[in-house]
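Note that the protein sequences, when read in sequence, are chains A and B. Numbering of the first sequence is given in the working numbering, commencing with residue 1 and proceeding in unit increments. Numbering of the second sequence is given in the working numbering, commencing with residue 1001 and proceeding in unit increments.
It should be emphasised that the hints constitute simulated quantities derived from the structure, not laboratory data. Each hint can be trusted.
The calculated lysine-lysine pairs, modelled on BS3-like cross-linking and capped at a C-alpha distance of 27 Å, are: (1) K1228/B / K133/A; (2) K1143/B / K115/A; (3) K1065/B / K133/A; (4) K1148/B / K133/A; (5) K133/A / K1143/B; (6) K1069/B / K133/A; (7) K1228/B / K115/A.
Counterexamples of contact, computed for chain B against chain A with all Cβ distances above 12 Å: (8) K1065; (9) I1071; (10) V1080; (11) S1084; (12) Y1088; (13) D1089; (14) P1147; (15) A1187; (16) A1192; (17) D1235; (18) F1238.
So, partial list: chain B residues that the calculated Cβ filter (under 8 Å) puts toward chain A: (19) L1138; (20) Y1158; (21) R1159; (22) R1217; (23) G1218.
Each residue gets a CB set at the ideal place from its N, CA and C atoms; glycine is no exception.
So you can see what is in the structure, the chains are spelled out below.
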Amino acid sequence: MPKAIEIENFSYHYPDGTCALSEINLSIEHGQRVALIGPNGAGKSTLLLAMAGFVKGEGKILIDDLTVEKKNLKRIRRTIGSCLENPDDQLFMPTLFDDVAFGPLNMGLETDEVKTRVNNVLQTVGLAEMADKAPHHLSAGQKRAAAIATILSMSPQIITLDEPDSSLDPANRNNLIKLLAGLSQTLIVATCNMNFAFATADRAVLVNNGHIIADGNAKRIMLDSDLMIKHGLEVPSITDNWIRLPRKSISTKSE
Amino acid sequence: MHHAHIDKFAYQDSPVHRLDSRVKFLVVLIFTAVVLSLPRTSVSILVCYAVGPFTILVLGRIPLKFAFKQILLVSPFILVLALSCPFYDRNPVSAAFGPFIGQVWAGWLRCFNIVGKFVVTMLALIALVSTTRFADLLTALRKLAVPKLLIIQLGFLYRYIFVLIDRAEHILRARAGRKLRSLGFKAELKTASSMLGSLFIRSLATAEHINIAMQARGFDGNWRCLSKLQFRRYDLLFVLVSAVFMLVLYFCVGHFLQ
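Sequences are here, hints too, so could you generate the full structure?
Below you can see the structure in the form of structure tokens.
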């Protein structure tokens, strides 16, 4: 079975020459839940954009065995659903219903199928009652759920979320964690909130200065206080049985 | 965001809200054209025309205070134009207002005519916007063959004007928090231009992100949308009543009142 995402020696430089990503090698299996963790400006968002073909660099990216290149972009964007950091950028239609229907309609689905998908997805994210509302009438938590709904309605195999927990209060963050826990798709979450990453992912990829620093079990990486502090992060305050796991199984590139 | 949305009553339910948005749009368009086509000296008849939008506002349970507040917001531009009329047209003309007949400057008649037309047409527009969700209005425009590009632009304008206002408010708040004394005209101008520049750059970034979000969901330049409009007998009745109202005013009452 092909990998969900296979990245080989991918590098990207901003137009001013600054290196955003350098020699990235990453392989993600279908069904995995991966947290891309790292400080601000580490390259997490750029990596997510590269996966969906919005950033062109050197190297190779395969999404479900399809090379990320112009001729495959249509198929790739059916496979990978990208959710941007700011829900206001993601929700651009006059009503929530139209926004969630936007993707399925562009996929060429029949009207009845689109309506069924939209209603099901809105039910899933708990916004069925808000279908006819304009996005600016939604709360921050509702906007975030709505942004995820716009992706879910396209039934992608892979979902990428860029800082999905930003500007959410604890109650809405918990709701989002529950929502993500219920998804069966491959999930890639870019975040610098370790509690959120801890709660949503079972694998963590630590990125800093455009390099992958560590890749492995989420709990083991995030509970390594030296590693976290060295890269401007923190150890999650959530504690569970994982806290007693030995730290030796963490693999870092520096080792 | 806590803005006074222009369509904050559009999500209510009333007989007017349930009307087909195409019908409401066309009736308001024709009503506006009829009012604007009235002679430049017609003043009294405008009161009769105002009954139409007033009825719609009342039936739609739209507070009249809200409607007049909206009118006041945009009135300065029209008031400047209207109040300048008496200065350049001082020909005496006889005018009747009920039992009172007297001579006034023609400019004053023009002035009241402009203000009257403005208030009546604005009331009609507010009645339309306050009883129709913007998304339905856009669908109506699409069904009435308005160019797609214009509809997309209107959609984005409606969606992002509040985001822009919100950002501008944040910038103004940040300035107010650090501006502890009057800076003088030149410095104020410099600050304002920096603020506008910042707003512009952030808007560009937002536009880029929206483009990414659209492409990520398969946008290929063709705007696809589900239509939910339905023309019923109830809408036909509204068209007939509106047509009779306008015809009676234009051809019958118009002869007696000017």
